[in-house]
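A.B. asks: Sequence lines, in order, name chains R and A. Okay, so the first sequence: first residue is 0 according to numbering that gives the first Met the number 0, each after it adds one. Okay, so the second sequence: first residue is 0 according to numbering that gives the first Met the number 0, each after it adds one.
Keep in mind the hints are simulated off the structure, nothing from the lab. Idealized CB from N, CA, C, for every residue including glycine. Just so you know, not all the hints are guaranteed correct.
Derived CB-CB ranges, DEER-like [what the hints assert, rightly or not]:
#1 R:Lys382 x A:Lys267: 27 to 33 Å
#2 A:Val11 x R:Glu408: 24 to 30 Å
#3 A:Val11 x R:Asp518: 56 to 62 Å
#4 R:Tyr67 x A:Lys258: 56 to 62 Å
#5 A:Lys267 x R:Ile403: 55 to 61 Å
#6 A:Lys267 x R:Ser568: 56 to 62 Å
#7 A:Gly134 x R:Phe537: 38 to 44 Å
#8 R:Glu162 x A:Asp269: 31 to 37 Å
#9 A:Asp269 x R:Val448: 40 to 46 Å
#10 R:Gly324 x A:Asn107: 23 to 29 Å
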Amino acid sequence: MKLKDFSVRIAGLAGDGSLLAGEVLAYTLKRRGLYTVSVRDFPSNIRGLPTSLTIRANVERIFSWNDYIDALIALEPKAVYSHLKDIRSEGVIIIDEEFKSENLVRDDVYLYPVPLRKKAREMFKKEIFKNVIALGFLGYVFNIEPEEIKNSIIFYLKGKSGEIIENNIKALEEGYSLAKNLLKKRYEIEKSTDIGRYYLSGNEAVALGAIAAGCRFFAAYPITPSTEVFEFLAKHMPKFGGVTIQCEDEIASINMAIGASFAGLRAMTSTSGPGMDLKTEAISLASMAEVPLVIYHAQRGGPSTGLPTKTGQEDINHILFAGHGDVSRAVLVPSTPEESFEFTFRAFNIAEKYQIPVIVLSEQAVSQNQQTVDDIPYNGNLKWERGKILSEEEVSEYIKTGKIYERYELTEDGISPRAIPGTKGVIVRYNSNEKTPDGFIDEENEYRVQMVQKRLRKLERIIEDVPEPEFYGNKNAPNILVGIGSSLGPMRESVHRLKNEGIEISYLRIRTLMPLHEDYIYSLTYNKNVFVCELNSFSQLKNYLSRIWGRKQNVYSIRKYSGFPFKPSEIISEVKKILKKEN
Amino acid sequence: MEKLLNFEITSVKAYEGKKSTWCPGCGDFGVLAALKQALFELGISPYDAVVISGIGCSSKFPDYINTNAFHTIHGRLLPVATGVKLANQKLNVIVTGGDGDGYGIGGNHFMHAARRNINLTYIVMNNEIYALTKGQVAPTSPYGFVKGTTPYGSKDNPIEPCLISLSAGATFVARGFSGDTKNLKEYIKEGIKHKGFSHIDVLSPCVTFNEEYSYDYFRENIELLNGPFARREEAIAKIMETWRKGKIPVGIFYVEEKKHYELDIFGKEDYSIVEEFKTQKMPLKEELLKLIENKK
Ligand SMILES: Cc1ncc(C[n+]2csc(CCOP(=O)(O)OP(=O)(O)O)c2C)c(N)n1
Ligand code: SF4
Numbered sequence: 000m001k002l003k004d005f006s007v008r009i010a011g012l013a014g015d016g017s018l019l020a021g022e023v024l025a026y027t028l029k030r031r032g033l034y035t036v037s038v039r040d041f042p043s044n045i046r047g048l049p050t051s052l053t054i055r056a057n058v059e060r061i062f063s064w065n066d067y068i069d070a071l072i073a074l075e076p077k078a079v080y081s082h083l084k085d086i087r088s089e090g091v092i093i094i095d096e097e098f099k100s101e102n103l104v105r106d107d108v109y110l111y112p113v114p115l116r117k118k119a120r121e122m123f124k125k126e127i128f129k130n131v132i133a134l135g136f137l138g139y140v141f142n143i144e145p146e147e148i149k150n151s152i153i154f155y156l157k158g159k160s161g162e163i164i165e166n167n168i169k170a171l172e173e174g175y176s177l178a179k180n181l182l183k184k185r186y187e188i189e190k191s192t193d194i195g196r197y198y199l200s201g202n203e204a205v206a207l208g209a210i211a212a213g214c215r216f217f218a219a220y221p222i223t224p225s226t227e228v229f230e231f232l233a234k235h236m237p238k239f240g241g242v243t244i245q246c247e248d249e250i251a252s253i254n255m256a257i258g259a260s261f262a263g264l265r266a267m268t269s270t271s272g273p274g275m276d277l278k279t280e281a282i283s284l285a286s287m288a289e290v291p292l293v294i295y296h297a298q299r300g301g302p303s304t305g306l307p308t309k310t311g312q313e314d315i316n317h318i319l320f321a322g323h324g325d326v327s328r329a330v331l332v333p334s335t336p337e338e339s340f341e342f343t344f345r346a347f348n349i350a351e352k353y354q355i356p357v358i359v360l361s362e363q364a365v366s367q368n369q370q371t372v373d374d375i376p377y378n379g380n381l382k383w384e385r386g387k388i389l390s391e392e393e394v395s396e397y398i399k400t401g402k403i404y405e406r407y408e409l410t411e412d413g414i415s416p417r418a419i420p421g422t423k424g425v426i427v428r429y430n431s432n433e434k435t436p437d438g439f440i441d442e443e444n445e446y447r448v449q450m451v452q453k454r455l456r457k458l459e460r461i462i463e464d465v466p467e468p469e470f471y472g473n474k475n476a477p478n479i480l481v482g483i484g485s486s487l488g489p490m491r492e493s494v495h496r497l498k499n500e501g502i503e504i505s506y507l508r509i510r511t512l513m514p515l516h517e518d519y520i521y522s523l524t525y526n527k528n529v530f531v532c533e534l535n536s537f538s539q540l541k542n543y544l545s546r547i548w549g550r551k552q553n554v555y556s557i558r559k560y561s562g563f564p565f566k567p568s569e570i571i572s573e574v575k576k577i578l579k580k581e582n
Numbered sequence: 000m001e002k003l004l005n006f007e008i009t010s011v012k013a014y015e016g017k018k019s020t021w022c023p024g025c026g027d028f029g030v031l032a033a034l035k036q037a038l039f040e041l042g043i044s045p046y047d048a049v050v051i052s053g054i055g056c057s058s059k060f061p062d063y064i065n066t067n068a069f070h071t072i073h074g075r076l077l078p079v080a081t082g083v084k085l086a087n088q089k090l091n092v093i094v095t096g097g098d099g100d101g102y103g104i105g106g107n108h109f110m111h112a113a114r115r116n117i118n119l120t121y122i123v124m125n126n127e128i129y130a131l132t133k134g135q136v137a138p139t140s141p142y143g144f145v146k147g148t149t150p151y152g153s154k155d156n157p158i159e160p161c162l163i164s165l166s167a168g169a170t171f172v173a174r175g176f177s178g179d180t181k182n183l184k185e186y187i188k189e190g191i192k193h194k195g196f197s198h199i200d201v202l203s204p205c206v207t208f209n210e211e212y213s214y215d216y217f218r219e220n221i222e223l224l225n226g227p228f229a230r231r232e233e234a235i236a237k238i239m240e241t242w243r244k245g246k247i248p249v250g251i252f253y254v255e256e257k258k259h260y261e262l263d264i265f266g267k268e269d270y271s272i273v274e275e276f277k278t279q280k281m282p283l284k285e286e287l288l289k290l291i292e293n294k295k
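The shape of chain R in the complex, shown without the other chains (with noise of 0.2 Å):
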């Protein structure tokens, strides 16, 4: 049997191999020319306890896990039972012949009792060989050539010793031979050409960005799941005359970053949840010392310390909100690496246009999952663009004819020219008070309102340059999809599945928190059922968006709030039930 889209979990305990032995298949799905998606799920915990890696693959370009998986290898008992209803009939179990698996329930599964650890402590004397001793047997069941996943595994252990590649490479081949054996189905899978596609996490693409677009400071305080984008960066920025620095905490960060900004560098912070409640304060500096800044945030799931490793989207109101007083901000969020490395791109011009912060909204699922991607979209379309920033020339007319730099001069466009500290013949200077054009503290009336209504003449263009939604599906559905980041995959999924059981649908994806593009989310949506998707409880999406449509609109919330992202099927059923029962 020839499978066209194949999903394959590894599963384990922290420490078991799960990872790498994912990382060897995903690549080596890569190298066939396949796309792959993997959701990770692993605890906050470095040991002991169960993790897993599914991977998807298809030829085409797909975006999110799916209902089911075809494979399964278990390195520890409890994963059997954990994920055997997410196995679809007729799919593959591979366990350790030494759990007991007499009562597993189902019998429209291959169960493959294989001695993984037995074999690795005859050949190695060490069980943690047990992971690609499975890969291979795994390897053999889906009829990829031994030869290609030792290629990965040689790649992915680069720079380790000689005899631990040709252990690993040993381990692969005896998973094989023993494959050879007891194997009862075998199945094929597609095979494309690898025109050199990357796989990628948005939390790479996300660094990646940053580079690209010429921030040259980042400072942060590590916390999951945005850690790897400060570990990027501190491994390349000072390729690029750039620096990171790890912060006493993430209040210090964004302010190191600000003062970075003030000084005339693009300049960057990332954090997560906790860390940006902490930074809440600052984004209020930025907004009003007319800082550019650019706040790159990976939420994860619940509030206080929650659910450090997994998937939600339930920090859209305090992004939306954080901040006292009228705070300028604009929020981007990414669903691709790709628009993770375009939205981190645009989000420095788009701060140092308008002088402002501008969030980067990421989630767990789409900032640390891989993708195989195309190519990463860095092409002419993205440029430098430094907004008003004096030239040599605007300062030597500023000496000539002895005018007096004014930070915050108020001009029609309420953009006020930066110059940077430092340039002889200007004053720069900054201030967190309402203040006087100058930058002198000032809290009377005349001063106050200009400088509000200066503040509020540069959000008014800010739609120009943010991310438009995107529209999938036909425009005269009378049903439609609503939807951020991790919902992508299965929303598009749940479009062409609803349409095989005759109900129409789109979808509508925001990839612009703030500013919204209201008469365009409203003419797409006008007098249709609406089914906001939305990865928390308090239906933050829906609400956010309810003032679009007024009371006389349909509009329905599919919420989850498991740690995980929406499986397509989970909104084919909700929106099904949510039919069923309007008519």
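Given chain R's structure and the hints, the job is docking chain A with the ligands onto it.
C.D. replies: Quick look at chain A with the ligands alone, frame taken from chain R:
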């Protein structure tokens, strides 16, 4: 305000900012005068200096001096200043704030800036009170202090900020008195010249909310130490000894020549990322792709 079009600074008036709104007699006047004089004598043009403050009476400082400036938020002045300094080492970054600002809400940043030994000059106007919020106890106020929020007397013990910065790793630590601007100016000059984190605690009376710590009180109780001491431990011991006698130690306590943070990171003095960036072009796509390919 004297216009500085030819960059020649002929008098200290060049540094004059807005007329201050401090209460007549406020200790901060002395600090302002000393800093302006120090900058003038060192020949640092207002274009090359940045004064960064937090929030408080003392943090209004940037308004009253004609240099580049950033009046930020309560307690966060050191992180902002650190960002500025890392971005452009050519700037002379002076950080000015109050004791509540620096030792209370910003206490953590204070410790870490000292530990990093970043090349900043941090001047704290220590009036042992929260003044701008109209007189509450500060981390430097004595035990039992009766103020608005401590009507039954404060139950917190005061800190000695110079001991904190000394033990955290600051490489220049001094205490001045705003009633003695002559010495204070010298400390500030030395602090600015010093390459590393310079902490200058300044006894700066609040004449409105803290009668207990008046000019006269400080004049009678300060004791000029014979610093700087050769070893950190010695400086710490001398400061403790002085307090034990019931006196307030002033003077330059400690100076250490040590590689400062930016030099350690960039391997060279006076590196400015801001300037370096001016000559940069957008990275080529191949450069970015190489970063991905090398990720594993
Ligand atoms: C986050 C925050 N909390 C509280 C305040 C209110 N506040 C303003 S100034 C100040 C204390 C100032 O004391 P200090 O730093 O000693 O400066 P001084 O006014 O005595 O010079 C406080 C609590 C604030 N601005 N921000
Ligand atoms: S209240 Fe105190 S600290 Fe504030 S200006 Fe007046 S004297 Fe100075």
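A.B. asks: Indicate, hint by hint, whether the structure satisfies it.
C.D. replies: Verification of the supplied hints:
1. R:Lys382 x A:Lys267: 27 to 33 Å: holds, 31 Å
2. A:Val11 x R:Glu408: 24 to 30 Å: 29 Å Cβ-Cβ, so the 24 to 30 Å window holds.
3. A:Val11 x R:Asp518: 56 to 62 Å: holds, 59 Å
4. R:Tyr67 x A:Lys258: 56 to 62 Å: holds, 59 Å
5. A:Lys267 x R:Ile403: 55 to 61 Å: The hinted range 55 to 61 Å is violated for A:Lys267 and R:Ile403, with Cβ atoms some 35 Å apart.
6. A:Lys267 x R:Ser568: 56 to 62 Å: holds, 59 Å
7. A:Gly134 x R:Phe537: 38 to 44 Å: With Cβ atoms ~42 Å apart, the hint holds.
8. R:Glu162 x A:Asp269: 31 to 37 Å: At 49 Å between Cβs, range violated.
9. A:Asp269 x R:Val448: 40 to 46 Å: Distance hint for A:Asp269, R:Val448 holds at roughly 43 Å.
10. R:Gly324 x A:Asn107: 23 to 29 Å: Cβ of R:Gly324 to Cβ of A:Asn107: about 25 Å, so the range 23 to 29 Å holds.
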